[in-house]
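Number of protein chains: 2
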Amino acid sequence: MRHTTTRRNLMRGAAAGAALATTGAAGTALARPARAARRSPAVGKGPDIGILLYDGYSLLDPTGPAEVLSRLPGATVTMIAQERGPVRTDTGDVAVMAERRIADVDRLDVLLVPGAGNRGTVEAMRNKELLRWIGMIDRHSRWTTSVCTGSLVLAAAGLLDGRQATTYWASADYLRTHYDVTYLPERYVRSGKIITAAGVSAGLDMALYLASLIAGDSTAEAIQLAIEYDPRPPFDAGNAAKAGPELKERALRLLAESQK
Amino acid sequence: MRHTTTRRNLMRGAAAGAALATTGAAGTALARPARAARRSPAVGKGPDIGILLYDGYSLLDPTGPAEVLSRLPGATVTMIAQERGPVRTDTGDVAVMAERRIADVDRLDVLLVPGAGNRGTVEAMRNKELLRWIGMIDRHSRWTTSVCTGSLVLAAAGLLDGRQATTYWASADYLRTHYDVTYLPERYVRSGKIITAAGVSAGLDMALYLASLIAGDSTAEAIQLAIEYDPRPPFDAGNAAKAGPELKERALRLLAESQK
Numbered sequence: 001m002r003h004t005t006t007r008r009n010l011m012r013g014a015a016a017g018a019a020l021a022t023t024g025a026a027g028t029a030l031a032r033p034a035r036a037a038r039r040s041p042a043v044g045k046g047p048d049i050g051i052l053l054y055d056g057y058s059l060l061d062p063t064g065p066a067e068v069l070s071r072l073p074g075a076t077v078t079m080i081a082q083e084r085g086p087v088r089t090d091t092g093d094v095a096v097m098a099e100r101r102i103a104d105v106d107r108l109d110v111l112l113v114p115g116a117g118n119r120g121t122v123e124a125m126r127n128k129e130l131l132r133w134i135g136m137i138d139r140h141s142r143w144t145t146s147v148c149t150g151s152l153v154l155a156a157a158g159l160l161d162g163r164q165a166t167t168y169w170a171s172a173d174y175l176r177t178h179y180d181v182t183y184l185p186e187r188y189v190r191s192g193k194i195i196t197a198a199g200v201s202a203g204l205d206m207a208l209y210l211a212s213l214i215a216g217d218s219t220a221e222a223i224q225l226a227i228e229y230d231p232r233p234p235f236d237a238g239n240a241a242k243a244g245p246e247l248k249e250r251a252l253r254l255l256a257e258s259q260k
Numbered sequence: 001m002r003h004t005t006t007r008r009n010l011m012r013g014a015a016a017g018a019a020l021a022t023t024g025a026a027g028t029a030l031a032r033p034a035r036a037a038r039r040s041p042a043v044g045k046g047p048d049i050g051i052l053l054y055d056g057y058s059l060l061d062p063t064g065p066a067e068v069l070s071r072l073p074g075a076t077v078t079m080i081a082q083e084r085g086p087v088r089t090d091t092g093d094v095a096v097m098a099e100r101r102i103a104d105v106d107r108l109d110v111l112l113v114p115g116a117g118n119r120g121t122v123e124a125m126r127n128k129e130l131l132r133w134i135g136m137i138d139r140h141s142r143w144t145t146s147v148c149t150g151s152l153v154l155a156a157a158g159l160l161d162g163r164q165a166t167t168y169w170a171s172a173d174y175l176r177t178h179y180d181v182t183y184l185p186e187r188y189v190r191s192g193k194i195i196t197a198a199g200v201s202a203g204l205d206m207a208l209y210l211a212s213l214i215a216g217d218s219t220a221e222a223i224q225l226a227i228e229y230d231p232r233p234p235f236d237a238g239n240a241a242k243a244g245p246e247l248k249e250r251a252l253r254l255l256a257e258s259q260k
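Protein chains in written order, with UniProt numbering: chain D, 1 to 260; chain E, 1 to 260.
The set of hints was computed from the structure by calculation and includes no laboratory data.
Using N, Cα and C, we set each Cβ at its ideal position, and we do this for glycine too.
Do not rely on the hints blindly, as some may be mistaken.
Here are the simulated distance ranges between beta carbons [as the list claims (entries may be wrong)]: (1) D:D236 - E:T182: 40 to 46 Å; (2) E:R132 - D:G85: 30 to 36 Å; (3) E:A241 - D:T177: 42 to 48 Å; (4) E:K193 - D:P185: 35 to 41 Å; (5) E:G162 - D:D236: 32 to 38 Å; (6) D:G162 - E:D106: 54 to 60 Å; (7) D:R100 - E:G158: 39 to 45 Å.
Below 30 Å or equal to it, Euclidean Cα-Cα: the simulated DSS-like pairs (lysine-lysine) are [unchecked claim]: (8) D:K45 - E:K260; (9) D:K128 - D:K260; (10) E:K45 - E:K193; (11) E:K128 - E:K260; (12) D:K260 - D:K242; (13) D:K260 - E:K45.
All chains should be built: construct the whole structure from the sequences, respecting the hints.
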């Protein structure tokens, strides 16, 4: 029997994909199982993950970890901000929707605070309502996490006192001189239930590590394959410890010029 | 003189960051130069990059490359869809705003088509209006690119005939058996002005390569440092060629279960 494209499974691969057998069993590739029906039994089963958005965040900081963590069994990933609606990145070009207001959220299994450009980070660090909310969520969270300069926001909320942490390479001096924090130049640093990641793309590595803490190594490995995370950057320029001052200046200039 | 936090530069780092000297010159870290004033002269100077969103895309596919390409000098990155407004990912949990409608866009320097889950990919491959628009943009683009199963959408638009290309590992068989395409298991494959990337996270590697083609190696290296892309995944499970059938099944099952 000849199937139409809609009935085909586009992702069979070498393995007889169990996932796609499931899709097949649903009738056609286009059949959508009612989400509520599938998700409701997952309440209390998978983690409730909240990602804080605030004006001027860097796009990959929330979206990289969201891609990873959304594949955890039963997980819900929600973008949260002071107000519902689109929240713009540091370039001003792109906006992700905040689905919930911080005023409506008082418990999360996982909180993730992304980083931002200089302006966005400073504004977040001075936003007392935001810092109070972060502190309240942290009191009950299983994991409180950050990417990039999000660790400065956690520090401003008082959550990093006496801890080891990491941050964006260019913000390391600020973090260690302004807070009681031992900075470590690692991709991610765990201190108790707080996990901080280095700059922007480090959120991917941190999220896989967090996935392994939540669901075990074999699930984290499956997520890594699901997002085909076998990185092969065409250059070897991403490590600040190996970068000269000229490269660092170029990097910071590009960032500043791209930011609104 | 003691500065307040707002006047401080949070990202000075070891290098005397030129970027942050710029910020300082603007008065305070919070001063926002009017974006129009800074961006308007960039029209025709930097690339006009459009990223197509369609229902059910995978979040990292458009956002990883957007993070990279938005740092190109003078670049504009715009999310484009059939209608303006929020466009939901495959999980249904997250939405990115489409700022422009395809009907209003007839020229782009760079087009990027992300991948999606099975349902979203099939729908896009059957959407004649979308395919016609992709073909029209490609006729004048400098670069036409895809991430993950986005290459199946390019193939359905007739753009990959006779070419070498890559795609998501689990979609490779589909691509090579349904189209006149030579599949290569690489992170990204260039064929003329078309560049296809492997699954999800491969968009980051592809975007850095594309950045080097557009603006040269030293700019691409600076972008890599700007996003601190020195990947250190905690596991080594992202390469399908090294994965056994059980891991592949687990990966595809997690994907299917997370998708609405």
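Outcome for the supplied range 42 to 48 Å, where the beta carbon pair is E:A241 and D:T177: Given about 46 Å between the Cβ atoms, the range holds.
Assessment of proposed distance window 32 to 38 Å (beta carbons of E:G162, D:D236): holds (34 Å)
Distance restraint hint 39 to 45 Å, applied to the beta-carbon atoms of D:R100 and E:G158: holds (42 Å)
Satisfaction of the hinted span 40 to 46 Å by the C-beta atoms belonging to D:D236 and E:T182: violated (29 Å)
Hint consistency between D:K260 and E:K45 [alpha-carbon to alpha-carbon, up to 30 Å]: holds (17 Å)
Verdict for E:R132, D:G85 (Cβ pair) under range 30 to 36 Å: holds (32 Å)
30 Å limit on alpha-carbon distance, applied to hinted pair D:K260 and D:K242: It holds: about 29 Å lies between the C-alpha atoms, which stays within 30 Å.
Supplied distance hint 35 to 41 Å, evaluated on CB atoms of E:K193 and D:P185: holds (39 Å)
D:G162 versus E:D106 beta-carbon gap, inside 54 to 60 Å or not: At 58 Å between Cβs, range holds.
30 Å limit on alpha-carbon distance, applied to hinted pair E:K45 and E:K193: Distance of about 20 Å is within 30 Å: holds.
30 Å limit on alpha-carbon distance, applied to hinted pair D:K128 and D:K260: holds (23 Å)
30 Å limit on alpha-carbon distance, applied to hinted pair E:K128 and E:K260: Given pair E:K128, E:K260 holds - Cα atoms ~23 Å apart, limit 30 Å.
Hint 1 from the earlier list is the only one contradicted by this structure; the remaining hints agree with it.
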